[in-house]
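Undergrad: For reference, the chains in residue letters:
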Amino acid sequence: MNTKEVLEVLNDMRDKGVIQRYALGGAVGAAVYLEPFYTKDLDVFVALERKGTLIDLSAIYSYLTARGFETKGQWVVIGGWDVEFLPPYSPLTEQALSEATVIPWENMRVSVMQPEHLVAICLETGRIKDHERIAKFLEQEAFDADTLRRILANHGLLEKWERFMRRYETREMT
Amino acid sequence: MTDTDRQRAEAKTFIEETAARKLARRRATARLDIGDKFRILEELHEAERDISAIRVAARSLAPKRDK
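Sequences listed follow chains C and H, in order. Letter by letter, the first sequence follows residues 0 to 173 of numbering that gives the first Met the number 0. Letter by letter, the second sequence follows residues 0 to 66 of numbering that gives the first Met the number 0.
It is possible that some hints are incorrect.
[What the hints assert, rightly or not] Restraint ranges, calculated between C-beta atoms of paired labels, are given here: (1) H:K21 with C:T124: 21 to 31 Å; (2) H:T17 with C:D55: 48 to 58 Å; (3) C:E161 with H:A56: 43 to 53 Å.
None of these hints come from the bench; they were simulated from the model. In this text, a Cβ means the ideal position worked out from N, Cα and C, and glycines have one as well.
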C-alpha cells in the first residue's frame with residue numbers, strides 16, 4: 000500500500016488541469032481526525048470543469064489509464080488502494096469540497112474535507128456505516144459542535160441530526 | 000463492605016479505567032501526524048488482506064460436507 004502515490008497522482012492531476020481540485024472524504028478523510036480504522040477503499044471528491052449540465056469523469060480515467068493504472072469496477076487501483084473518484088452530488092458535498100482543509104505533509108499539500116463536513120455528509124448519506132462513523136466522531140470529540148450545527152442548519156439537516164442524537168443517546172444509556 | 004458495595008466499587012473502577020484508557024488513546028491519536036495516520040491505514044489494510052487470505056485457505060482445508 001502506498002498512500003503517498005495516490006496523493007502524488009491527485010496533485011499531478013490538479014497541476015495538469017485534469018481536475019480543478021480534490022479532497023479526501025469517506026473513511027480515509029475521517030481517519031485523518033480519528034483513530035485510524037480499517038477501510039477498503041479511498042474516496043476522493045473531485046471538482047471538474049463543467050461542460051453543460053453533464054459531469055464527465057472521462058478525463059480522469061483517460062489520464063490514469065494512459066499511465067498504466069488499472070480500473071476495477073468503479074475504482075482505479077493506485078498505490079494498492081481502490082480509489083473512487085466522486086463528483087460532488089449535493090450542495091453539502093460541493094461546500095465540503097470547496098472548503099476542504101489543506102495539510103502539509105512531506106513535500107506535498109494534502110486536501111482533506113473538514114471533520115464537520117464529514118459528519119454532515121455521513122448524516123446526509125445515512126447508511127449504518129455512516130452512523131457508526133458519526134458515533135466515532137462523537138466518542139472521540141473530533142469536531143466542533145457549533146460549526147457542525149451551522150452546516151447542518153444551512154443544509155436542512157438539523158431535524159435529522161436531532162433524530163440521530165436521540166437514538167445515539169438512548170443507545171449510549173443502555 | 001457488602002458484596003453489592005464491592006461490585007459497585009469494581010464497576011466504578013472499571014468505568015474510570017476505561018475512560019482513562021480512552022482519553023490516553025485520544026491524546027496519543029491527536030499527536031499523530033497525517034503521515035502516521037496513512038501508515039496505520041496501510042498496515043490495517045494489509046492485515047485485513049492477510050486475514051482474508053487465511054480465511055480462504057482455512058475454508059479450502061475444511062472437510063467437505065456430504066450431500
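Undergrad: Can you give the numbers of the hints that this structure goes against, from lowest to highest?
TA: none
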